[in-house]
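Q: Which chain is which? The protein sequence lines are S and P, in order.
So for the first sequence, my numbering puts the first residue at 1; every next one is plus one.
So for the second sequence, my numbering puts the first residue at 1; every next one is plus one.
These aren't lab readings, by the way, just hints derived from the structure by calculation.
These numbers come from a predicted model, not from an experiment.
Built from N, CA and C at the ideal position, the CB exists for glycine as well.
It is possible that some hints are incorrect.
Short derived list, chain S residues pointing at chain P, Cβ under 10 Å [stated by the list, open to error]: (1) 16; (2) 20; (3) 24; (4) 31; (5) 36; (6) 47; (7) 53; (8) 55; (9) 58; (10) 60; (11) 64; (12) 74; (13) 77; (14) 116.
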Amino acid sequence: MISPVTHSRSSRGLAGFTLLELNVCLVVMAAGLLGVAALMVRQSRQVARAEQWCASDPTFYLICQQDPWMKALNASADLETQAGTSAWQPPVTGEKFHKLTLVSRTQAFGSGEMNASVTVEVLPDGEGGAPD
Amino acid sequence: MTRRRKHPDGGFTLLELLVVSMLMTLVALMTAQMWRYFSAESRNLTDRTAAAQELRLAIESIRQDMGNVLWASPMSGDRLLIARPDGGAEERILVYSIQEGKLVRYDPVTGAEMPVAVGVAGFSAEDLTESVLRLEVTVQRGRITRNATMLWSRP
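The shape of chain S in the complex, shown without the other chains (with noise of 0.2 Å):
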């Protein structure tokens, strides 16, 4: 028993393809150039949103840290588009001074955030330490 595609094939031998699967492959295959080109597309906006802080040339003010806190927490100038001074607030408000120690300290590259683990002595006013 042929089934009817097999006679099919077997009928046609080596007539080569007809032009609806012609069809077919090329609409196959421009779809796959679309969805690529799509993808491009994609990219291209996500890269443009990615480098849009640098696309124009851009100019920045290094505001060095000014408090003794963050000098001793050894943290990164602030980067502002225009010039000014550092918005940071120490954690530590009163009258007393405070003897900063470093234990250890994370941040991430490129990032304004930073983890700091430390230890604070409150210290006899005029023995120096950081301020509050």
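Following the hints, put chain P in place on chain S, whose structure we already have.
A: For chain P alone, kept in the frame of chain S given last:
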């Protein structure tokens, strides 16, 4: 089709071969054009990403060292000297310069030379005024050039 069924091994006619070869040429040309476009676009995206990344690396390294700076000064236009506290009253000098397309951070005390960013086409440090230092970093990757300027006011 009727003729082909009668003579299955008869092969293609010249007209069929011409049509097929024209179609295949057309498809090949279209594919080649699209491939060229995709390749160029892909290279462009890679260069843009790399340039932005290297510029970011250069800026972040300088930013890190300038956070607790005692003083900073240009040297011969293409070098930057940074003095940081090194425990107690001592200073630790760091030198930024461009060497063979790399922005290098050099520590004269330890002799450590660390490439901060690659593909750096230009690095300049100059005093704009007595109190303002101007740093400029230019990164080039392929046909993509990115430039950033940093201004630092001496405290």
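Q: Could you run down the list of hints and mark each one as holding or not?
A: Hints and how they fare:
no.: 1; hint: 16; verdict: 7 Å, holds
no.: 2; hint: 20; verdict: 13 Å, violated
no.: 3; hint: 24; verdict: 13 Å, violated
no.: 4; hint: 31; verdict: 13 Å, violated
no.: 5; hint: 36; verdict: 6 Å, holds
no.: 6; hint: 47; verdict: 5 Å, holds
no.: 7; hint: 53; verdict: 8 Å, holds
no.: 8; hint: 55; verdict: 8 Å, holds
no.: 9; hint: 58; verdict: 6 Å, holds
no.: 10; hint: 60; verdict: 5 Å, holds
no.: 11; hint: 64; verdict: 5 Å, holds
no.: 12; hint: 74; verdict: 6 Å, holds
no.: 13; hint: 77; verdict: 4 Å, holds
no.: 14; hint: 116; verdict: 13 Å, violated
Figure legend: structure checked against the earlier numbered hints; hints not met, in rising order: 2, 3, 4 and 14.
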